Amino acid sequence: MQIFGIATQALFGQLLIGLINGAFYALLSLGLAVIFGLLNIINFTHGAQYMLGAFCAYFLLQGAGIGYWWSLLVAPIAVGILGIVIEKTMLKRLYALDHLYGLLLTFGLALVLQGVFTNYYGSSGLPYRIPDELSGGFNLGFMFLPKYRAWVIVASLIVCLATWFVIERTKLGSYLRAATENPALVQAFGINVPRMVTLTYGFGVGLAAFAGVMAAPIYQVNPQMGANLIIVVFAVVVIGGMGSIMGAIVTGFGLGVIEGLTKVFYPEASNTVIFVIMVIVLMLKPAGLFGKER
Amino acid sequence: MADAPVVATGGSVAADAAAPFFAVRDLNAWYGESHVLHGVTFDIHPGEVVTLLGRNGAGKTTTLKSIMGVVPRREGSIVFEGRETGKLASNRIAHLGIAWCPEERGIFSSLNVEENLLLPPVVRPGGMTVEEIFELFPNLKERLASQGTKLSGGEQQMLAIGRILRTGARLLLLDEPTEGLAPVIVQQIGRTIHALKKKGYTVLLVEQNFRFAATVADRHYVVDHGKVVDMIPNAELDRNMAKLHEYLGV
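Protein chains in written order, with my numbering: chain S, 701 to 994; chain C, 8 to 257.
It is worth saying that the hints were derived from the structure and are not from the lab.
These figures come from a predicted structure and were not determined experimentally.
Every residue, glycine too, gets a C-beta built ideally from N, C-alpha and C.
Check the hints yourself; a few may be wrong.
Stated by the list, open to error - FRET-style restraints, in silico, Cβ to Cβ:
{"id": "1", "chain 1": "C", "residue 1": "129", "chain 2": "S", "residue 2": "969", "range": "51 to 59 Å"}
{"id": "2", "chain 1": "C", "residue 1": "191", "chain 2": "S", "residue 2": "871", "range": "33 to 41 Å"}
{"id": "3", "chain 1": "C", "residue 1": "90", "chain 2": "S", "residue 2": "980", "range": "41 to 49 Å"}
{"id": "4", "chain 1": "S", "residue 1": "861", "chain 2": "C", "residue 2": "89", "range": "44 to 52 Å"}
{"id": "5", "chain 1": "S", "residue 1": "861", "chain 2": "C", "residue 2": "116", "range": "20 to 28 Å"}
Claimed, not checked - Some chain C residues near chain S, calculated using beta-carbon distances under 8 Å:
{"id": "6", "residue": "75"}
{"id": "7", "residue": "77"}
{"id": "8", "residue": "93"}
{"id": "9", "residue": "97"}
{"id": "10", "residue": "102"}
{"id": "11", "residue": "126"}
{"id": "12", "residue": "240"}
Let the sequences and hints guide you as you build the complete structure.
This is the structure we're talking about:
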C-alpha cells in the first residue's frame, strides 16, 4: 500500500518515531517553560539533567538491582533534589541580574556534568534493557507498534497534561501563575515565594530526569545524550513561546511529527526542518506561537 | 529585653496608652543608592482610618511598601499588635494580619476574576466571606469568569480591595484607591471604606485627593521629603486648610 508514492509502512514508522521524539521534546520543553516562567532563567543544564536521569536509572539497576519502574519514580526525585541544591546555592544569587547570567551558569554546569560523565563512562552508550512488561509489541496490520514506544507516548502525554492541569486549573497553579507575573505581590499576600521558586525548579528538573529514564531503553545511556537533544528542544521552546505551558506540549509533539514526516518526504531536510520553522516563527511572531509579548 | 505587651485586637481605647495597635518609629528606606524615607514616625489606633497625605514623591507609597516589607532595604521599627515586623519577610508580615492593596492594583492577567479574588490565603479567622464581598462590590459577581485585567479600572480596584478582605487581615494598607476613577466609583470606594470602618477594620490610606480623604478619615498624617511633618485630626481640617495647601502645594 502506498500514499503519495510512499510505502505506508515507512510513513507510519516515521510518524511513530516522530511522536516518540515529540514526547521527549514536549517533556523537556515543558520543564524549561515552567522554570523560565517563574525563575526567568533559561535552564541550559536541562539536557544534562535529562542525562542524569538516565544515568540514575542505570546506576540503580547496576548498583542496587532497582528496575525501571522504581527508577521512573526515584530518579526524578533524586535529580530534582540535586536541582534544588543548585537553585539554593547558585541560581538564587542571579535572580536580580540579567537572564544572561543564569544562562551562562547553567550552560557551564551542563558542560561540567557532561565532562565528568564522559571522563568516567566514555562517549559510547551503555545499554539499558526494556522492562519485561513492555517488551514485544502489537501488530496493527499496517505496522508493528513496539509496546515500549507506545508506553513512552502515553506516559509523556499523561505527565504533560497533568502538569498543564495543575498549573492552569488548580489553586496551587494560580499561585504559580500569579508569582510568574508579580512575585513581590504574591509574597506580600503571605505566600512563601522563594520556597515556591525552589520547588518549581526541582519539579522542572525532575521532569527532565523523568524523560531521561524513559529515554534510557530507547537511546541508550550516554553522557552526551542531553547535549544533542537540548539544542532541538530550545528551538521547540522558541517556536512554542517561552513560558507557555500548553505551547510547550503542543509544539513538542507537533514538531516531532513534522520532523518524522520530513524524514519520509524529504530526508535531506529532516535535521534542519525544526530550525527553519524556528526562523520563520521568529520573523512572523517573535514571542512564539503560544507566547505572550512581555 | 522584655517584650512589649500584646494588645488584644479590638481592645478598648484605654489599652493603646500602653502599647499602640500599630506604631512606626524612625523608618528609613532605600531603593539602591537613593534614600527615600528619612525617619517616618506615626501611630494608628485600632479601628481608625488614617491617611498619609503628601506631594508626589514624598514617600507615601514607599511607607506602605516598607510596612509590607517589599522595599529592597528598610531600617527602623514597625510594631503591629506588639510584634516587631521591621525585619520580617513580606509573607510573614501578611500572616500577622496586614494586607496591602498596591497603587497599580496588581490584578493578575493570567488569572480570572474568581482566581484573583481567592488568591490571597486566609491568614486569620474573621475575614469576610465571598458573599459579603459581593454585597460591597456586586459588579464582581457577574464577572467571575472574566480575565482579571479585562475588567474596567473601577472594577479592578474593587477586585484589588475585595480580595484582601477575605484574608482576615485587620490592618489594610490602601494605596491611592481612587486614582484615575470616575466620581461615581470614587463614591462607592468611599462607602466601602466607611463600611470597613464599621466592621472594625483599621485602614491606612495613601491619598493625593485630600477632599476624598476628608470624607473617610479620622486623622491625616502629612508626609514630606520622606518624613511625617504634621498630624491633622479630620475635625480640624478646615482650620488647617492654609497649612495643608502649603504642604501639598495645591
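So, going through the hints one by one against the coordinates:
no.: 1; hint: 129/C / 969/S: 51 to 59 Å; result: 57 Å, holds
no.: 2; hint: 191/C / 871/S: 33 to 41 Å; result: 34 Å, holds
no.: 3; hint: 90/C / 980/S: 41 to 49 Å; result: 58 Å, violated
no.: 4; hint: 861/S / 89/C: 44 to 52 Å; result: 50 Å, holds
no.: 5; hint: 861/S / 116/C: 20 to 28 Å; result: 24 Å, holds
no.: 6; hint: 75; result: 5 Å, holds
no.: 7; hint: 77; result: 5 Å, holds
no.: 8; hint: 93; result: 15 Å, violated
no.: 9; hint: 97; result: 4 Å, holds
no.: 10; hint: 102; result: 5 Å, holds
no.: 11; hint: 126; result: 6 Å, holds
no.: 12; hint: 240; result: 30 Å, violated
Checked against the numbered hints above, the structure violates hints 3, 8 and 12; every other hint is satisfied.
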